[in-house]
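*Asks:* Keeping their order, the protein sequence lines are chains V and W. Take the first sequence: its letters are residues -8 to 314, numbered as in our numbering. Take the second sequence: its letters are residues 121 to 406, numbered as in our numbering.
Hints may be right or wrong, so weigh each one.
[What the hints assert, rightly or not] The following residues of chain V were derived to be distant from chain W, with all beta-carbon distances above 10 angstroms: (1) Phe(-3); (2) Val6; (3) Ile16; (4) Pro24; (5) Asp83; (6) Leu94; (7) Arg117; (8) Tyr151; (9) Val213; (10) Thr225; (11) Leu237; (12) Thr259; (13) Ile274; (14) Tyr279; (15) Leu282; (16) Asn297.
[To be verified] With a cut-off of at most 20 angstroms between alpha-carbon atoms, the simulated SDA-like pairs for lysine to any residue come out as follows: (17) W/Lys147 <-> V/Ala121; (18) W/Lys147 <-> V/Leu131; (19) W/Lys297 <-> W/Ser307.
[What the hints assert, rightly or not] Some chain V residues close to chain W (C-beta under 8 angstroms, calculated; not the full set): (20) Ala23; (21) Ile146; (22) Phe149; (23) Val240; (24) Gly244; (25) Thr270; (26) Val293; (27) Val295; (28) Ala296; (29) Leu298; (30) Leu299.
Derived from the structure by calculation, the hints contain no laboratory data. The structure presented is a predicted model; accordingly, all values stated were derived computationally and were not measured. Think of the CB as a built atom: it goes at the ideal place given N, C-alpha and C, for glycine as much as any other residue.
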Amino acid sequence: MSLLIFVIRRLIYTVPLLVCAVTVIFILVHSAPGNPIDYIIGEAGADSELVARLRAEMGLDQPMLVQLWRYVLQVLSGNLGYSLVSSAPVLDLILERFPATLLLMASQYTLSAVIGVLLGVLAARRPNSALDTTLTLLSLTSFSLPIFWLGQMMILAFGYHLDWFPIQGMSNLREGYTGWRYALDVAYHMVLPVVTLTIFNLGLIMRLTRASMLQVVGQDFVKVAYAKGHSERTVLLHHALRNALLPVVTVVGLEIPGLIAGAVLAETVFAWPGLGRLTFDAISARDYPLLMGMFIFISFFVIVANLLVDIIYGLLDPRIRYQ
Amino acid sequence: MSMSVPVTTSPPLTPGRRAWRRLRRQKAAVFGMSVTAVFLFTAIFAPWLAPYGLLDIGDSFVPPSPEHWLGTDSLGSDVLSNIIYGARTSLIVGVFAMATSSVIGITLGSIAGYFGGWVDDALMRLTELFQILPQFFLAIVIVALFGSSIWNIVLVIGILAWPVTARLIRAEFLTLKRRDFVEAARSLGMSDRDIIIREILPNALPPIIVNGTLQISGAILLETSLAFLGLGDPNIMSWGTMLHNAQEFFNRAWWMAAFPGFALFLATLSLNLIGDALNDVLNPKR
């Protein structure tokens, strides 16, 4: 029964969440100082004819609930409005930049998950040993680091000072590489941002894994595994870790919005051509439709990502039959 | 950082005093508390400590030197003085945002946990909604729409951060409300309001204290992140604004980025160290 029905049910559940996100934006725009039109056409737009047309188009003379309903329908049909600066559809602007952000997030996430889980297991092996204390301190340090500052310091050290890695952008535009040379060039440009993000996210995953392992290793099935004569390595990595990962997956699912926020800040530092740079430019230009569209798009992304996390959780935990 | 030590009974050790003793034994906690003390001192006495005023402008891009220990920025103002004034901003943001979110979170969490039923259901759905919304982007939109004055930023961070507190308090209430002392209070005819405030709440506070220190560091990081993206209060010196300005002048003036960021890192690290140690001391169950 199962997976399909579960997925469909959760998909239906995402619609009201998305509607809530859209409603939040609607309420904000309408309670902000000034006229909603000001946020659509910007401060320069004093053209009264344009204002009148927009007013009619947006249905500002209609009751609030009607306006909200129209706005929700509009967003659900994929229309997030138009950028004030480039007047391109907001959704197009976002989708154009999103792959770069996704690439960065997926790479750093894979890295920090693997390293974080391994270090967490290592720390939990001998609780309160010197190694454990050191790793715990390092993990605290890692998530106390302001990510944008960490990025700046990476650029100073490995970019300007040692000149090992490129510090800006996603590829060398002057060379105009194609094919695998291009892929290699992108990978080369990715090193610093990915390392920065990994250092930042590693700590949390390690800490969670450690705490979760400590709870699991005391349980009977782990003792049984030892009693059967399995090596410590097998018991820890196969029996204990499999169970210890469940809470880690849950919390990491809750952290997805934080991951995107971190990526956006890091992208700004490294001039990575993803959503981060787009956000930064939208803020500088006070491009309200773009900022709001970004919020709605990322809400949608987070909701879908949480759905995926739930599915992974179900796959990892045989006790859960999605019901 | 003063832990409130109850003075109602002298020896044997009160729980507060015992916690304080255990805290003092952890090196990391002592480091955290010392740095936080320096941070507090700097923030409070900023105008007396800063070698230059915020409006004193000299040569731009002076490297660290005897006149300007940490150099000057692109406008020619002293980086050290700016960091000292920035401590004030961070302290204000951290403390007031934490207070805002605690008031909301404690109120809603207590009501949800104590009364249960549909009230609980409704409030928990609300916290879930708040937790799934991408808070950082919500903060960006709100601050962009409503203006980036420091109090707006405090309010936004406070309003976004309450769900964690509410969930913690609710969980405590769910177990505490079944205890005998609550039954006793009820049979004595105490009102619900008094039971919540006088009987249960004091016992539910330990996880909130831990969470509070983490929320202060979280709020400081969020404020500096917003300022770094260009959404800082233009009338106030913030470490995030300093890093925002440094971004352009990286190759010319490394000190513009290195020092304010290090101050920020030290502040959040020491608050997190305190939170971590408090967690060990106040919630030994793990």
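*Asks:* Over 10 angstroms to the closest beta carbon of chain W is the bar; see if V/Ile274 clears it.
*Replies:* Violated, because the least Cβ-Cβ distance between V/Ile274 and chain W comes to about 5 angstroms, which does not exceed 10 angstroms.
*Asks:* Is the interface hint for V/Val293 satisfied, with its Cβ closer than 8 angstroms to some Cβ of chain W?
*Replies:* Interface hint status for V/Val293: holds (6 angstroms vs cutoff 8 angstroms).
*Asks:* Check the non-interface label on V/Thr259: least C-beta distance to chain W beyond 10 angstroms or not.
*Replies:* Incorrect as stated: the minimum Cβ-Cβ distance to chain W is 7 angstroms, not above 10 angstroms.
*Asks:* W/Lys147 and V/Ala121: Cα distance at most 20 angstroms?
*Replies:* Since the Cα atoms of W/Lys147 and V/Ala121 sit roughly 14 angstroms apart, the hinted pair holds (cutoff 20 angstroms).
*Asks:* Are all beta-carbon distances from V/Arg117 to chain W longer than 10 angstroms?
*Replies:* holds, 16 angstroms
*Asks:* Should the interface hint for V/Gly244 be scored as holding, given a Cβ-Cβ cut-off of 8 angstroms against chain W?
*Replies:* Since the shortest Cβ distance to chain W is 10 angstroms, the answer is violated.
*Asks:* According to the definition I'm using, a residue is off the interface if its beta carbon is farther than 10 angstroms from all beta carbons of the partner; does V/Asp83 meet that for chain W?
*Replies:* holds, 19 angstroms
*Asks:* Could you let me know if the closest chain W CB is still more than 10 angstroms away from the CB of V/Tyr151?
*Replies:* Check fails; 6 angstroms does not lie beyond 10 angstroms.
*Asks:* Is the Cβ of V/Leu94 farther than 10 angstroms from every Cβ of chain W?
*Replies:* holds, 19 angstroms
*Asks:* Hey, does the V/Thr270 contact hint survive, CB to chain W under 8 angstroms?
*Replies:* With Cβ-Cβ at 7 angstroms, under 8 angstroms, it holds.
*Asks:* Please check whether the beta-carbon of V/Leu282 is more than 10 angstroms away from every beta-carbon in chain W.
*Replies:* Check fails; 5 angstroms does not lie beyond 10 angstroms.
*Asks:* Does V/Tyr279 really sit off the interface, with its C-beta more than 10 angstroms from all C-beta atoms of chain W?
*Replies:* Not fine: 7 angstroms to the nearest Cβ puts V/Tyr279 too close to chain W.
Checked against the numbered hints above, the structure breaks hints 3, 4, 8, 12, 13, 14, 15, 16, 22, 23, 24, 27, 28, 29 and 30 and satisfies the rest.
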